[in-house]
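One letter stands for each residue in the lines below.
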Amino acid sequence: MKLTLLDWTIMVIYFVFVLGIGFALKRYMRTSTDFFLSGRSIPAWITGLAFISANLGAQEVIGMGASGAKYGIATSHFYWIGAIPAMAFIGVFMMPFYYGSKARSVPEYLKLRFDEKTRGFNAISFAVMTVLSSGISLYAMGLLLETLLGWDFSFSILVAALVVLVYVFLGGLTSAIYNEVLQFFLIVFGFAPLVFLGLKDCGGWAGLQMRLATVASSNGFSAGAWSESWKFMGTPAANPMGIEWFGLAMGLGFVLSFGYWCTDFLVVQRAMAAKSMLAARRTPLIAAIPKMLFPFLVILPGMIAIALTYKSGGSGFTLPKKPDGSFEYNMAIPMMLGHYFPTGMLGVGLTALLASFMSGMAGNVTAFNTVWTYDIYQSYIKRGASDHHYLWMGRMATVFGILISVAAAYITTRFNNIMDMLQLVFAFVNAPLLATFLLGMFWKRTTGHGAFIGLLAGTMGAAIHHGLTLPIGAQVGVKGGWFGVIHVYPSELAQAFWTAIFAWTSCFVMTILVSVFTRARADNELVGLVYSLTERAREDGVPWYERPALLAVLIVAAAIVLNILFW
Amino acid sequence: MRLDIRLPIGLMFGILGGLLVIVGLLSSGSALQHSLGINVNLWWGIVMFVFGALMFIFGRRGNATARLAEESREGGKVEAMEHEQGLEK
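Line by line, the protein sequences give chains A and B.
Letter by letter, the first sequence follows residues 1 to 567 in this note's numbering.
Letter by letter, the second sequence follows residues 568 to 656 in this note's numbering.
Rather than coming from a laboratory, the hints here were simulated on the basis of the structure.
A quick note: this is a predicted structure, and the numbers were derived from the prediction, not measured.
A virtual CB, placed ideally from N, CA and C, is assigned to each residue, including glycine.
It is possible that some hints are incorrect.
Claimed, not checked - Residues of chain B clear of chain A, computed beta-carbon distances all greater than 12 angstroms:
#, residue
1, ILE582
2, ARG627
3, ARG628
Stated by the list, open to error - Partial list, computed: chain A residues near chain B (C-beta under 10 angstroms):
#, residue
4, GLY20
5, ILE21
6, TYR28
7, LEU37
8, SER38
9, GLY39
10, ARG40
11, LYS117
12, PHE121
13, SER217
14, PHE221
15, ILE381
Unchecked claim - Subject to a maximum C-alpha distance of 27 angstroms in a straight line, what follows is the list of computed DSS-like cross-link-like pairs (lysine-lysine):
#, chain 1, residue 1, chain 2, residue 2
16, A, LYS444, B, LYS644
17, B, LYS644, A, LYS382
18, B, LYS644, A, LYS26
19, B, LYS644, A, LYS2
20, A, LYS311, A, LYS322
The shape of chain A in the complex, shown without the other chains:
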């Protein structure tokens, strides 16, 4: 793929704006609250767009395009049941406690609700996970740009890291959020014409469906397996994902989705920056509207790419293959950009790709510097320093967080397995969290000891389940089965979903058991932290389109309609 001066100019213009926003915001960063919480002063539509944009990292654009090619429209389950219900739930039921408790981070909420050890466990595991994940996505970006454009690996990751460093260092969370909004629009405008051109090349939706039928039958599935999302979920053997409806709904739709959208500080932090309780509650609900439509932007190109590869269209696009004969699924979207876009639009499309990497990284970095400064540094290392000192620490944490990410990216180039192992451990630690939050917020009897032991039990449950099962055709090792194989799953996804279900269940049961036998906190200490002890927010005089409950109902209804349309 060759870039012209014009494409470079477009990229440079984007960098100028991104950095410019950082510089313009610098003088508003006077206190640590400005830097870490944006002074709790941002309107809901901005925090809402930042809420999804922070999640719109490399995994989203490249990964969802790849899954679209691999699994077809069934990938939309990651959105229509794997995100929307959870986003509606956090907006209506959970945000009042996050925002209303005045906690400055998710771990701090755990401290207020439970105790120090639960917060410490969550804060430290979260901090480690965020910097390392940001390193892994930097690595993915460097690798992609190297294959696609022949750019030097070090050059691309250092430039991206430096730009993110400068704008977060200067403008803190506000700068990250503002840039996430800019990046959101850039991603939409950069990819939308690609979907249009690709669909036109297929001969519209009908042509795409016809081609996908060829893809499905060539792979030994029924004709609709790539273009119908629920019809083939009866048994794992009938669909390319290799999962049945129950594992999908419980594992992805409940444990993983609610666990991520309702407890991950990376996204919750955006809502905490909103200017009022109502704005904070509306943040995930506003975010759900574009999120619902994203499958058309990121999954559809992958489906188009695979469809044209099996049965070519007028322009002769095909997906490249790896040396071992399997498809380069990750290259679906990048290759299409190069194929369909003329110079100019190509610059916009590639800049959008860069933007998606940078927004994901900035999200990780701002979540890291806040948890580090408030939950680790201020709590365990240096209490009672001046606010000015913590503001300085936040900036230092930004620098160190990014340095560690870059180092992690380089380590990944050498030892791919280490990163696989780490991601596995993170999955074990993350999976049970949802049970802790649900019990903590909705059952006042839950105790700190219960929460802590429940979390450990959940992590153990995940590890044991993973150690006893294996996806079909995999070797014993990182993929599982190290205790001995008692069950073989039809796919890696199925194993991941069931690991999450086991983790959640062990945490849920153990938290309840231990809580019953330990002393609960007095009711008056839990006001504002637990559902039954907190006064419902009054919504008199709030116009209907700003009421969280009604918005949530409309959003869930729209998601149901989408599921039915693509059944």
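Once you have looked at the hints, place chain B on chain A.
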């Protein structure tokens, strides 16, 4: 004066859209071969330009701004809470 995010967004899309429109007008038929005969630069450039202009106009009028913590009620509360708990001197 405080920064309204719609201004930089409007400005950036205005510039990018304008650039694409110019390139679109100058490009010849052979350049359109890969994009199925559609002049993507021209048409999408117009869309981006209009979006940018709208954002800019709304940004000039509206007040979607970030403020200092002590100026917002909620931000002030967080700072007061930190003060009470002795998290800052």
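**Request:** Please name the hints from earlier in the document that this structure breaks, with their numbers sorted from lowest to highest.
**Result:** Going through the list in order, the structure violates hints 1, 11, 12, 13, 14, 15 and 19 and respects the others.
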